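Residue numbers (UniProt numbering), protein chains in the order written: chain U, 1 to 266; chain G, 1 to 161.
Hints are computed from structural coordinates only; laboratory data are not their basis.
Because the structure is a prediction, the values reported are computed rather than measured.
No residue lacks a Cβ here, since even glycine has one placed at the ideal position from N, Cα and C.
Careful, some of the hints might be misleading.
Said to hold, decoys possible - Using 25 angstroms as the maximum straight-line C-alpha spacing, the simulated DMTMM-like pairs for lysine to aspartate or glutamate come out as follows: (1) Lys39/U - Asp19/G; (2) Lys39/U - Glu143/U; (3) Lys39/U - Asp122/G.
Unchecked claim - Facing chain U, a subset of chain G residues (Cβ under 10 angstroms, in silico): (4) Thr7; (5) Arg20; (6) Gln44.
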Amino acid sequence: MYATNFSRAANLADASAKMGAATDGKYLAGGQTLIPTMKQRLAAPSDLIDLTRIPDLSGIKADADTVTIGAATRHYDVATSATVRGAIPAIAALAAGIGDPAVRHMGTIGGSIANNDPAADYPAAVLALGAGIITDKRTIFAEAWFQGMFSTALGTDEIVKAIQFPIPAKAAYAKFPNPASRYALAGVFVAKMKNGSVRVAATGVGEGGVLRFPALEAALQANWSAAALANVAVSPEGLLSDIHGSAEYRANLVNVMARRAVAAAG
Amino acid sequence: MTTVSMTVNGRQVSADVEDRTLLVDYLRNAISLTGTHVGCDTSQCGACVVHVDGRAVKSCTMLAVQAAGSSVTTIEGLATGDELHPVQAAFREHHGLQCGFCTPGMIMTAVDMIRRHGGQLDEATVRHELEGNICRCTGYHNIVKAILDAAAKMQMPAAAE
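Just chain U, with the same shape it has in the complex:
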């Protein structure tokens, strides 16, 4: 790792001021991606500004229609939250399947969303539920947020404060992890919203990161059942092809994981 200067932000204004003063600063949350990336010298920020001690950036709250998760909330706290388990159990289950227990104790939802790794789990839930990403400047909805692999609408000096998920009628996430890395080879989040609309988003498969599957959505809209997907072909076009699996293999996995998710959602 190259040398860097670490500081803790006391509040959002302090974080922005520290970022403004840095030559090439980077905000640090749980660090479970950023620190390994820095160790490999693939990133070398002059300054690291730790956001995790900012009050109000952590925590979970819910009302009748939404669950709002503070950006610095750890995966473990989402996975074990009675509020999340009650309102959107699919998100608690998704969080419980990220990395391993030690990684879940450190990693944060805001970090995951801001990094937008093409195989990260949270983006599937954010896109499938049409969540709002609340920053210190504005609210950006999922469709506008994700802009391709490791790319989002977040400005360099902008800070994610919270993610607001609409509570669906039904939802579930099914992941096929790479047997070695445990990252999603295909992770599919299915959601039936309270207004009846159906959304399906998958991580780990798209060349441009997380994406929706309109054909699967249309089939489930007509008939919310795993059987309804049996004959729906998923096109390999635009899907990743690498040593872990061909685009055709991933396309098939999307259908299989979607069926498992619908069955789990009930």
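Starting from the known structure of chain U, fit chain G onto it as the hints suggest.
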């Protein structure tokens, strides 16, 4: 250089280190606690697991300065004098180690796991929770046995005199 202070195994420690110093290097080099191991150095193997403010974390994937002011427990902090922690004792009894390199991380992960699950541990849960700890001797079977036995013993009320 930054002066980084924290509580390690109940003892207040302080050392001048670079901000880029990893917690595992702080523990091993700055304060000479070499029980915490570096295996893969890529947050996959879990040999470096310690507890920070009561939670198991991978100390190769955290900066020492991130833990400034925190309370850290390492493998050296588990035993009480000459008496092994119940998880350490169970690893010895069940031959839960072969070469021993992964053992500190396995035990710190196990202690955290037992704390979180209490009496709810079964074999499938233990195996799933060990996802982030790798034993290259492949001695998982006895590691799982040791953790289940320790969990059961730690649940047992003290025998009446």
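Going through the hints against the structure:
For the proposed pair Lys39/U and Asp19/G, the alpha carbon gap of about 13 angstroms is at most 25 angstroms, so the pair holds. At roughly 32 angstroms between alpha-carbon atoms, Lys39/U and Glu143/U are farther apart than 25 angstroms, so this suggested pair is violated. Taken as a hint, the Lys39/U and Asp122/G pair is broken in the structure, with Cα atoms around 36 angstroms apart against an allowance of 25 angstroms. Contact between Thr7/G and chain U, as hinted, is not supported at the beta carbon level, the nearest pair being about 17 angstroms apart and thus beyond 10 angstroms.
Here the hint on Arg20/G is kept, as its CB sits about 5 angstroms from the closest CB of chain U, short of 10 angstroms. For Gln44/G, the interface hint holds, since its Cβ comes within 10 angstroms of a Cβ in chain U; the closest pair sits about 8 angstroms apart.
Hints 2, 3 and 4, counting from the list given before, are not met by this structure.
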